[in-house]
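Chains as they are written, first to last, in UniProt numbering: chain U, 1 to 652; chain A, 1 to 652.
If you are wondering where the hints come from, they were derived from the structure by calculation, not from laboratory data.
Keep in mind that a hint or two might mislead.
Copies of the same chain look alike in the list, so a pair counts if it works inside one copy or between any two.
What the hints assert, rightly or not - Straight-line distance between alpha carbons at most 35 Å, and here's what the computed DSBU-like set of lysine-lysine pairs gives:
#1 K622 <-> K58
#2 K350 <-> K276
#3 K622 <-> K343
#4 K305 <-> K622
Protein chains: 2
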Amino acid sequence: MKDIQTTQETEMANAIRALAMDAVQRANSGHPGMPMGMADVATVLFNRFISIDPSAPKWPDRDRFVLSAGHGSMLLYAIHHLLGYADMDMDQLRNFRQLGSRTAGHPEYGHADGIEVTTGPLGQGIATSVGMALAEKMKNARYSDDNVNHFTYVIAGDGCLMEGISHEAIDLAGHLGLGKLVVMWDDNAITIDGDTNLSTSTDQQARFAAAGWHVSACDGHDMEAIADAIAAARHDPRPSLIACRTIIGFGAPNKQGCHDVHGAPLGDAEIAAARKQLNWAYEPFEIPQQTYDAWRAIAARGAAKRAEWEKRISAEFQAAEDCDTSALPAAIEAFKRQLSQDKPKVATRKASQMALEVVNATLPFTVGGSADLTGSNLTKSSEMQSVTPQDFSGDYIHYGIREHGMAAAMNGIALHGGLKPYGGTFMAFADYCRPAIRLSALMGVPVTYVMTHDSIDLGEDGPTHQPDEHLASLRAIPNLLVMRPTDAVETAEAWEIAMMSEDKPVMIVSSRQNLPLQRVDHVAENLSARGAYLLRDPAQRDVTLIATGSEVEIAMVAADQLEAEGIKAAVVSAPCFELFDAQDQAYRNAILGTAPRVGCEAAIRQGWDLFLDRQDGFVGMKGFGASAPAPALYEHFGITAQAIVNQAKSRI
Amino acid sequence: MKDIQTTQETEMANAIRALAMDAVQRANSGHPGMPMGMADVATVLFNRFISIDPSAPKWPDRDRFVLSAGHGSMLLYAIHHLLGYADMDMDQLRNFRQLGSRTAGHPEYGHADGIEVTTGPLGQGIATSVGMALAEKMKNARYSDDNVNHFTYVIAGDGCLMEGISHEAIDLAGHLGLGKLVVMWDDNAITIDGDTNLSTSTDQQARFAAAGWHVSACDGHDMEAIADAIAAARHDPRPSLIACRTIIGFGAPNKQGCHDVHGAPLGDAEIAAARKQLNWAYEPFEIPQQTYDAWRAIAARGAAKRAEWEKRISAEFQAAEDCDTSALPAAIEAFKRQLSQDKPKVATRKASQMALEVVNATLPFTVGGSADLTGSNLTKSSEMQSVTPQDFSGDYIHYGIREHGMAAAMNGIALHGGLKPYGGTFMAFADYCRPAIRLSALMGVPVTYVMTHDSIDLGEDGPTHQPDEHLASLRAIPNLLVMRPTDAVETAEAWEIAMMSEDKPVMIVSSRQNLPLQRVDHVAENLSARGAYLLRDPAQRDVTLIATGSEVEIAMVAADQLEAEGIKAAVVSAPCFELFDAQDQAYRNAILGTAPRVGCEAAIRQGWDLFLDRQDGFVGMKGFGASAPAPALYEHFGITAQAIVNQAKSRI
């Protein structure tokens, strides 16, 4: 019995190897080494453990499988083909890495069913999986084993474990005790430059153990040893690392075990030799029926499990999975009406917390957090409870001083479904989590980033902590909405936009200092959704002043000064460049007018060409900030109403 | 004897505490907790071990002291004042965090003598110190103990150790066995949000041990225990971590040990109570003479050590310290002349390697490296030898898959002096090291970043690996030169600019694919230093085409097509926006002309307002790339000569 199973599993694994080497060869591009090296581990994992149903790829209680070493994408595509995912036919494998195929060079979320996350930038997969495993724990605490009870499995390479983000991820997972997270490390001792001993001497098992993980090692080409290790990992209450000792490019007799096999086609001769070595008698892209049958038995097992699950799930769980936000607009409108009466003069970070009281009371599925700046980011609303290793029923995560790990974990929580994450840090530290923010945008995952202390208004902490080029660099990321509200009303509108977003991340940037309410007359419409709109609209215009966030106040003062001199100035508040850019030409023309323009933002000018031509004026920053109280900095850098007035007058 | 010393050291430490709490109180802003908590450790370190000479703050063989937990800046400023640094008089401490003072909120390199590195963004200090310790090893291997033989000491906080960059740093240091690196961890169990157990359970000593470090722990308020731990650390051949068990805000009787003391003034009442508790009878900003005397004995010891060193150093070492680049321009000019004859059609990453053959043969102090992409970045020239844990005489670093650690280490190597580092990765992964790149720019450290595969020309690896918004986001960083050469000549010029730079980092971005030589006629002048120049200059212009890097070839083809239709097109090659922006108005006007303009770059338009108004044309990217062979992608995204022709014709 054991022998038969082993033989069948070897065939199943060799099918992965053959498809990987053939697809890479045909594309003349790609990475055969990892899929061939990890084929045995992946086969045992899928054959004996994983519960997924290719006919229902979004089944909420499926096991999650994350290929953190995304360059080994052919491992995933081969498995999906063999399992019978409807959108992964053989033509997709033949068109590996070609324009328009689902089989991109690295797995791209949304390109094909079953791709749980975009991986490729190393370390992102393992860090995202921590968010998935955390979401599983949180939903399990809310809805019981009957509804939510599954594992998150990760295949990670040496690169994933060398990247800094892995440290943030494994520490957070170890602290929280995410016992249903199982990481299989492709321990092949090879990186692109050569042997791993060129650049690392770390004892990874000891490292993970130091972070509170269960660790083990196995021969990654011994099916029973692999199975034993996974079974033990599933059983242990801690997250688990399995060091799978593998030979990169296993099966290619002349190239295996060498770094040349990592990222280049094997070549026809070596592929022929590998076919011989593996006793694989089939043509390229040919899979024998018995191998298909073996893989499809896994799919059938998953479908049966899903059918059982469908019978036992609760109505409460089903209703919650949708993240229904339909009640939010009315709640935000009521809140805006109240604000227009109360006219609070508060920092927009405080306004954000006020909006969160409404948001979190209306939407039970939000998950807040901060990278250890809760009291500064004001991300915790009054009813929120912290998640602890002992109790996952809370809704607030102390991510620690781990901006990158936080952002990736939020991606994982959002991808998992049924929860809507947001998290905060100082805006200057957006740089620390930029790779994960980019992945939110590339995947179109509606994560909300709360970035406070959004300019030199941060003050005394100085230029390392003051955003300057950050607005430009973040607006540069495609498919990311950067909202910079000017007052409590715009902040509430930003939160509405963020929570209603289904296909893009939103970043809400906010001030440290108090700002007066500009939107004193209640308007039901979410004006911020237009990106920019007229806050002050004189019958005739001599000049148009355009500002964002804290600088709108300055522009309004400048407009008053100009008015006193008989110059009519319109003032445009522009909380979101991307949304303004999406408006039709007529709207944009109406807002911008034909008079000379002056922009104002306590940041560099880059990106303002959406509003300004080269001859238009701009009052902002030209270089890094400095350490001093904020009012002194505004004066020092000349971001003043008088500067706007001067620039306006010189252009009329 | 022991008691007297202890008493004196306690007084010395209390002087730090008093200055820290008084300066923070006066500024009404800052972080008293860390300086008060670590005052004893810092006092023992300086009093018994550190060799520095405040009268010669740039003494090459001084011990380096890095305050990685930069928010505790008053620790550093207080020590520098007490030691007698000439530029750190009491008025500087009184003006802590005020505009124009040397005492910025976080230590800023260049603001005052003895500040070895800008810290504040957490983890950067420890990662930079790895580069410093590595530079020490490399220079020691070249010039012997007589010339180079010193320690690098770091004070790091919990935040430094939670950030991912710390993982990259400690693994690299452990692998290389940087035994003269000693990290004192302020193990106070407190972060901003509260107790560290809110977010971490990592056994830091076990973690560092797993990375090959020597580890120990001590009571951070027991002078002898601290001294014993530092002595053992200095003796051990591995890098050392000392877990210093401290009480944050030590001495403030009602607040110490609590997270409230981390980042806010203590208040007058608590300061008075602390004075009592510490038996510190002096007024704010008053230091008794015997305490000054004790601190200045450290300075005198350092000055004597330096005097001894001055007597024994070699002429060879002295000559090398300057990093004399004066021979480079002639070498580059000769190389350019050769290129104009050979007319190589090579990828600019290959051209970069060709230029490096010249650079590295001319400048013996360059230190190359790559984040595990040596064969792709082509950063290793033919004569380079890899640095290994056994042999530091080489000049090439295998940084591992650690872009962030690499960038910070390069900052450290450059700051150390006497060596000129460059290092490579794929340009898309500039995001992974962005915080350290920003620090290079903020400090004005002339590090060279080699970023290859600079657009969709990367091809099949897909959008995660393709730069798109990266040119914009990197050009946004103040004081960073981003060079995007179009051919081998411009690449050689970029390397000249990078190597001659003394006050800013330079990033050289380069193509994966082959590009023809555009600069076919030899010009001695470094035209790239103008930022942009006319590559094709018809007697009269109907349109001006502006392009960078690989798209210059496309613009030249478009100009030919336009010419065939009787339209005169000038072509501007614009390898560096920042340098063009620095030219005078007359030059810029002459280059840009008055005809309509079309820009072309395989990236987003943001940042092109330096050249274009809103009505001008742009051929580039609007969103993320895709996975396919590069030629298919250029067609797919419409970055073609025909697109330029169409945009040009529609504007004439």
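Right, here's what the structure says about each hint:
1. Taking CA atoms no more than 35 Å apart as the test, K622 paired with K58 passes between copies only; the shortest distance there is 30 Å, against 48 Å inside one copy.
2. In this assembly of identical chains, K350 and K276 lie within 35 Å of each other by CA distance neither inside one copy nor across copies; the values are 68 Å within and 38 Å between.
3. In this homomeric assembly, K622 and K343 come within 35 Å of each other (Cα to Cα) only inside a single copy, at 34 Å, whereas the closest approach across copies is 40 Å.
4. Within a single copy, K305 and K622 get their C-alpha atoms no closer than 60 Å, and across copies no closer than 44 Å, so neither meets the 35 Å cut-off.
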